[in-house]
Amino acid sequence: MEEQTQKLFYTIAEVSKITGIKSYILRYWESEFAQLKPERERGRRRYRNEDVHMILRIRKLLYEEGYTITGAKSKLREERKSKPTPEDKQKIVELKKQLQELLKMVKKQEKSDLKV
1 MEEQTQKLFY
11 TIAEVSKITG
21 IKSYILRYWE
31 SEFAQLKPER
41 ERGRRRYRNE
51 DVHMILRIRK
61 LLYEEGYTIT
71 GAKSKLREER
81 KSKPTPEDKQ
91 KIVELKKQLQ
101 ELLKMVKKQE
111 KSDLKV
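With the first letter of the sequence shown counted as 1, position 31 gets the number 31 in the UniProt record's numbering; the numbers rise by one all the way through.
Quick caveat, the hints were computed from the structure, so don't treat them as lab data. Just so you know, not all the hints are guaranteed correct.
Pair ranges (Cβ atoms, derived) [to be verified]:
#: 1; residue 1: V93; residue 2: K17; range: 27 to 35 Å
#: 2; residue 1: K104; residue 2: G20; range: 47 to 55 Å
#: 3; residue 1: E32; residue 2: K107; range: 25 to 33 Å
#: 4; residue 1: K83; residue 2: Y28; range: 23 to 31 Å
#: 5; residue 1: E101; residue 2: K7; range: 30 to 38 Å
Even glycine gets a Cβ: it sits at the ideal position worked out from N, Cα and C.
Model the full assembly from the supplied sequences, consistent with the hints where possible.
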């Protein structure tokens, strides 16, 4: 997976090869796991790196840890509640930048108020 992480999107055939999961199983998992929703372009699936990582996580839960589909869904929901998503992390970074800018503006205003 390391060399593959540079691509933005993968086809279902590429994801199947990377993960060792057959295409028909990937399509089934899409109907079962809300977290797995690849983008579509002209009817073709376009998997992102996050999708590939989710597939690997699902595979581990089902095949290595022995979870059922229902159990794996519950486990993923639990994990999602406890861990921020990449989108959440990005929002936090953006908010932090905005707060830092506001803080700079406040400090600048305070300095100018002291000079007067």
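Would you list, in rising numerical order, the hints stated earlier that this structure does not obey? 3
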